[in-house]
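Here is how the chains run, residue by residue.
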Amino acid sequence: MIESSWEPKIVAFLCHWCSYAGADLAGVSRMQYPPNIRVIRVPCSGAINPLYIFKALREGADGVLVSGCHPGDCHYISGNYYARRKFYILKELLVWAGIEADRIHFSWVSASEGQKFSEVVTEVVNAVKPLGPSRKLVKEFSTDV
Amino acid sequence: MFESILIDLAKKLLREKTVDLIIGYGSTHYPFRTEPIVINQEEQADALVWNPFCGNNLARYLKYYKNTQHKIALMVKGCDSRAVQVLLKEDQIKRDRLYLIGLSCPGLVNREKLQKQFPQASPEDFEWKETGWFYHGEQIDPELFLEKTCLRCRYPNPPEYDQLIGKLQTTSPYQTYQKDYLDPIDNLSSEERWDRWSKEMRKCIRCYACRNSCPLCYCQECFADSTQPQWVSPAPTPSDNFLFHLVRTMHMAGRCVECGACERACPVSIPIAQLPLKVEAIIREQFQFEAGTDQESAAPLLTYRENDPGDFVK
Chain A
1 MIESSWEPKI VAFLCHWCSY AGADLAGVSR MQYPPNIRVI RVPCSGAINP LYIFKALREG
61 ADGVLVSGCH PGDCHYISGN YYARRKFYIL KELLVWAGIE ADRIHFSWVS ASEGQKFSEV
121 VTEVVNAVKP LGPSRKLVKE FSTDV
Chain B
1 MFESILIDLA KKLLREKTVD LIIGYGSTHY PFRTEPIVIN QEEQADALVW NPFCGNNLAR
61 YLKYYKNTQH KIALMVKGCD SRAVQVLLKE DQIKRDRLYL IGLSCPGLVN REKLQKQFPQ
121 ASPEDFEWKE TGWFYHGEQI DPELFLEKTC LRCRYPNPPE YDQLIGKLQT TSPYQTYQKD
181 YLDPIDNLSS EERWDRWSKE MRKCIRCYAC RNSCPLCYCQ ECFADSTQPQ WVSPAPTPSD
241 NFLFHLVRTM HMAGRCVECG ACERACPVSI PIAQLPLKVE AIIREQFQFE AGTDQESAAP
301 LLTYRENDPG DFVK
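Protein sequences, first through last, are from chains A and B.
Per my numbering, the very first residue in the first sequence carries number 1; after that it's consecutive.
Per my numbering, the very first residue in the second sequence carries number 1; after that it's consecutive.
Since the hints were made in silico from the structure, they are not lab data.
Glycine included, C-beta positions come from ideal geometry on N, C-alpha and C.
Don't take each hint at face value.
[What the hints assert, rightly or not] Where chain B lies over chain A, by a calculated footprint (3+ residues, C-beta under 8 Å):
| no. | stretch |
| --- | --- |
| 1 | 48-56 |
| 2 | 74-84 |
| 3 | 94-100 |
| 4 | 105-115 |
| 5 | 131-138 |
[To be verified] In silico BS3-like links for lysine-lysine, alpha-carbon gap of 25 Å or less:
| no. | chain 1 | residue 1 | chain 2 | residue 2 |
| --- | --- | --- | --- | --- |
| 6 | A | K139 | B | K199 |
| 7 | A | K55 | B | K314 |
| 8 | B | K314 | A | K116 |
| 9 | A | K55 | B | K94 |
| 10 | B | K199 | A | K91 |
| 11 | A | K55 | B | K199 |
| 12 | A | K86 | B | K314 |
| 13 | A | K136 | B | K203 |
| 14 | B | K314 | A | K91 |
| 15 | B | K89 | A | K86 |
| 16 | B | K314 | A | K129 |
| 17 | B | K203 | A | K139 |
| 18 | B | K12 | A | K9 |
| 19 | B | K113 | B | K17 |
| 20 | A | K136 | B | K199 |
Based on the sequences and whatever the hints tell you, model everything.
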C-alpha cells in the first residue's frame, strides 16, 4: 500500500541553456513547486542518452522529467529536434513494454519561463504520485517474483 | 539445383581471384542446421550449402574484416543484404571490397516448429516452388513451420546483389500473412504487456547471443560490457536484463533490418526481435524510413523535421 507519507522521487534532466535557467528563475522568483525533483544539469536535451532515463528508472526513480529549450530555440541550433525524435521513440517503446506512461515526462521550458517550470513540476508530481512507488525496472524487482 | 549454381559460382570467384574469401553456409552433423563457414580455396567450395536452415546473418562477420584488405564474397538473403546496406551506409565497409551472392529466399524453417508439425520429416521432404511450399508434393501452410520473422518478410529478394542464386520472387506467399506477430501484443493492456515482458526477462540469462548474432551490433565496446560506468549489472537480474534489451533496442532504432537472427540465436526462446521490430514499425509510420532499403535519406535518428510528432512534450 502507498503510505500517506510517501513522496515520489523524480529525476529531472534539465538542459543548461533553457530549462535549468528556467528552474533557476523559478527559484529566485520564489515560486512554489513540489520538492520532489532531483535536478541533473545536462548541456542539451539532445545530449541525453536514452540509457540515462532507463538507468534512472532502474536505480529507483519514481519518475523522470526531461526538459529542454523550445523547438527552434536550441543553443546548439537543433539538439532538441533530435531529442524530440529520440524521446518519441523512447516513450512509445517504454509504454509498449508496459511501463506506465505517466512516469516519463518531457517538456520545453525556456529561461524566462520560471512560472511554466513550476507548473510543469507540479503537473509531473501530480501524475506520478497516484502511480505509487516505481516497481517495474527497479533493480530490486528481481527478488519480487 | 541452386546449390550447384552456388558452388560453381564460388569456385569461379576463388579461381579467378575475384575475391579472397567467401563467407557462406556449410552443413553440420546436426539435422536442420547449418553453420557459417569461411573458405578461401577453390576445393573448399563444395562445402557450401543453401537451404531454409541458413539462419545466421552472415553480415555479422564483416566487422572482423573491417581493417583488412580482403575482398569478400558474402551469401546474403533479403534481410542479410539489407544489413549489408546499413553497414555500407554507416561506412563500416567499402562496397568495392564486397561481392554479394544474393539468395532469393523462400523463408527460413524453424526446426522446433517443423519437428512438432512433421516429426518424421527430413529436410529433403520439403520443396519450395514459386507457388509455395510443398511436403511430399502437397502444398502446405507456411505458418506451420516458417520462422515468425519470415512470415512477415517483405524482402524475399535481396535489395542489392552482384549475382543472384535462384529466381527473383515476384510474389511472396507470406503476403497473405501480413498479420504482424506484434499485433496480439499491441492489443494487450499495459499491465498485461508488462507481465509478458517481465516473464520473458526472467528467462534471459544475458548470454548476449542476441547482441553477438546481430549484424549491426558492431560497437568495439558495448555499453553492457563497460565497467566504468557500469550501466548494467553483470548479474542477469530481470531488471538489468530488461535494461540491456531496451537500450539495445534504442541502439537499433532505424537500423534493424528485421532478420530475426537475435531471436534464432536466443537459447531460451525469448521473442527478442519484437522490441526492435516494434520500433521499426513506429519509425516506418512516423518517420517514413526503412533501414537497408533507403540509402539516400539520413538515418531517422540523425535527422529531424520541424513537424515531427511533439504532442507528448508539455
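Do the hints match the structure? See the list:
no., hint, in the structure
1, 48-56, "holds (count 4)"
2, 74-84, "holds (count 4)"
3, 94-100, "holds (count 7)"
4, 105-115, "holds (count 4)"
5, 131-138, "holds (count 3)"
6, K139(A) <-> K199(B), "15 Å, holds"
7, K55(A) <-> K314(B), "23 Å, holds"
8, K314(B) <-> K116(A), "10 Å, holds"
9, K55(A) <-> K94(B), "36 Å, violated"
10, K199(B) <-> K91(A), "21 Å, holds"
11, K55(A) <-> K199(B), "20 Å, holds"
12, K86(A) <-> K314(B), "16 Å, holds"
13, K136(A) <-> K203(B), "16 Å, holds"
14, K314(B) <-> K91(A), "14 Å, holds"
15, K89(B) <-> K86(A), "20 Å, holds"
16, K314(B) <-> K129(A), "18 Å, holds"
17, K203(B) <-> K139(A), "16 Å, holds"
18, K12(B) <-> K9(A), "66 Å, violated"
19, K113(B) <-> K17(B), "41 Å, violated"
20, K136(A) <-> K199(B), "12 Å, holds"
The structure shown violates the earlier hints numbered 9, 18, 19.
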